[in-house]
Amino acid sequence: MSNSAVDAHKPHVAHEVHHEELGFLRKYVFSTDHKVIGIQYAVTGLLFLFFGFSLMMLMRWQLAYPGAALPLIGGLFGETRMPGGVMNPDFYNELGAMHGTIMVFLGVVPLAVGGFGNFVLPLQIGAQDMAFPRLNMASYQFFFLGGVIMLASFFLPGGAAQSGWTSYVPLAIINPGQTAWLVGMVFLITSSLLGAVNFITTTIQLRAKGLTFMRFPFFVWAQFVTAFLLLLAFPPLEAAAILQLMDRLAGTSFFMPAGLVVSGQIVHNAGGGNPLLWQHLFWFLAHPEVYVLILPAMGIVAEIVANNTRKPLWGYRSMVYSVVFLGFMSFIVWAHHMFMTGMGTTMAAFFQTTTMIISIPSVVILTALVLSLWGASIRLNTPMLFALAFLPMFGIGGLTGLPLAFNIADIPLHDTYYVIGHFHYVVAPGTIFALFAGVYYWYPKATGRRMNETLGKIHFLGSFICMNVVFMPMFLVGLAGVSRRLYDGGATYAFAAPVLHWNAVSSWGAWIMALFQIPFIINFFWSIKKGEKVGDNPWDATTIEWAAPSPPPHGNFAVAPEAYRGPYEYSVPGAAKDFVPQHEA
Amino acid sequence: MDIPYTVEVRRDTGLTNGKIGIWLFLASEVMLFGALFASYILIRTGAADWPRGDTILNVPLATFNTIVLITSSVTMVMAWASLMRNQFGKFRLYMGSTVLLGGVFLVVKYFEYSHKFHEGLLPSSNNFLAIYFTLTGLHMLHVIGGMTVNAYFLGPGAKQWKTNPTWFANRVEHSGLFWHFVDLVWIFLFPTLYLL
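Residue numbers (the numbering used here), protein chains in the order written: chain A, 1 to 585; chain B, 586 to 781.
Since the hints were derived computationally from the structure, they do not count as laboratory data.
Partial chain B-side listing against chain A, Cβ under 10 Å, derived:
hint : residue
1    : Glu614
2    : Ala633
3    : Thr719
Computed beta-carbon distance windows for the label pairs:
hint : chain 1 : residue 1 : chain 2 : residue 2 : range
4    : B       : Arg596    : A       : Lys529    : 44 to 50 Å
5    : A       : Phe406    : B       : Gly619    : 27 to 33 Å
6    : A       : Val43     : B       : Leu707    : 44 to 50 Å
7    : B       : Phe673    : A       : Val148    : 40 to 46 Å
8    : B       : Phe773    : A       : Val262    : 33 to 39 Å
9    : B       : Leu691    : A       : Val148    : 28 to 34 Å
10   : A       : Val324    : B       : Phe773    : 28 to 34 Å
11   : A       : Val43     : B       : Pro776    : 46 to 52 Å
12   : B       : Phe673    : A       : Gly555    : 33 to 39 Å
13   : A       : Ile512    : B       : Arg596    : 54 to 60 Å
Even glycine gets a Cβ: it sits at the ideal position worked out from N, Cα and C.
From just these sequences and the hints, can you work out the full model?
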């Protein structure tokens, strides 16, 4: 449809915001500036990561020393949850469900997409802001409310959700605490939806002159594909959440079979529901969600690897095609989470094939990043250390996933600690290391100061060792057949006895890792005021975000930047410097 | 600071930000209703017996409602077309009719619902009614949402016609796209629930 008829009218766009006059509230709380929103997301995300980690540290006590009273802080959790400092199974289940939910939906995604996406993406494409600044603000507010509901659910009658982050039915419909979880999820889904619409529109419309899609930094590509996953995969979970809410509140039986007996009582409902339906709807979101967790991390690592090897990325085009293919394929692999449900071998064969196929683009990206290191004189600063650690850690996570992708091999491994080890290698030392790398790398852009390198290296080394101490033993425990759902870590099963001591090793790894986060926390706050002052481009980087002042003002660039070349022109033969920025003619 | 391409189109994409935004939003809505329709298929194919819609639901009322919604889609287009022809008076007439027809739809739906409740037919009665109430209920929320936005453009939002008519026409067009989508969902819901 054409707008030519009204184009004759001269558009007068009123200045809605004069940033010079903004008060504290409008500047830091109800801001429409993508950078402030990005930092809000990032800080909230980091806090939730730490909170989710704390829940896990409590669980690790029960797993390492089942039935023992938690020393020092055991009394803080009340007689209903931890009588005499000993954890109740219900509380353990609450912690488990909320650890997963918080880490995925309130920690990693908000930091990776909401934080880095909001802060970096508009700067990297040379935009002044996101396409819909007020939607952007609303997106953060929905996320924040969703987070508050999730946290508040611990204090509601019935407590927080206890049915795992997957909320499998019929358990989730019978268990207390689930309603708040569902309502919280609806808020988080709305937030992601608004964010995704905004990211895609911004990338297509607001990129600088000359910045064609094949000149995008890889990070922009990763966020662009991620936004499509959020846009299209989350609504089915919203549908599923609505159906589960109906089952809980209106007494419908979408997921409830007839004649279910709970605690010796028959549940009165119409029946005829399908528990598998929930799993299909849930994993239709949650498998793309895995790529929502990993793609931004790959984007961050690509930026940092190119910058610190002082070389163009090896195989940029293949990486771009791979990430797009990965995004597409991620929609048709979901039922590999469901091999054990009895959905049938035809389905299993299909999904095991697609799962094999989706590993190819991941391997292409990882290989391209590894080959980019070849022959480079690598700068080993803190962001690069984390980025380098990402490569083998994600590699371990990916390779240990292959046996799970095969229907046959999955049968003994399903729901054991092996699975926990596998996906934590992808997400914890994988994605979270990449996120740390991103924090160290873009911190100078956000504050004008660099974080302390010594503290950063202590943080890195401690976290790197501890991560492996936490997760490597899980493969051993899992291969011995210990289920991931056991409240006592497997102590009641004789077959688990030879591997049980590894539970304590994992736990001590987690607790010591918490200590190694202290240098990071100190560094993060100390460097705001006391960090080494640096210029606009402290890493001698080529991408457009470094053309803006540090910290960038509202509106980002004094003059709208223009892109003249690809994103990674490092060490160009004959050039005066070893880097030629995209925005320099 | 103004965001570019809110009012004028970007030359190489030929689109405004709002146009892309609304289509992306509709894509996500397709996934939402798509998932619910898929759930319907899965539950129905797994059911031992499933009532035909017309044995429980009121087909003439729903047919009337289908006509109402289709008419409102036509008036929605006319409202936008009136703006493009610079006839603000006609815009008010057509936009008013669109909101009104949305209201008629809701009133009819209210009678249908209360009749069912009166007969003791609740979402918990069986899975046919469960999916009927869930799908039509969610659709009604969308009707209410669309009506709210349209009413805003009829009332306080109409001031923008004086200051920035191009932008106003674009926003009405985007609201219209949403309204057509709501209409389209009903066109799928009607045969699925009432006739099959």
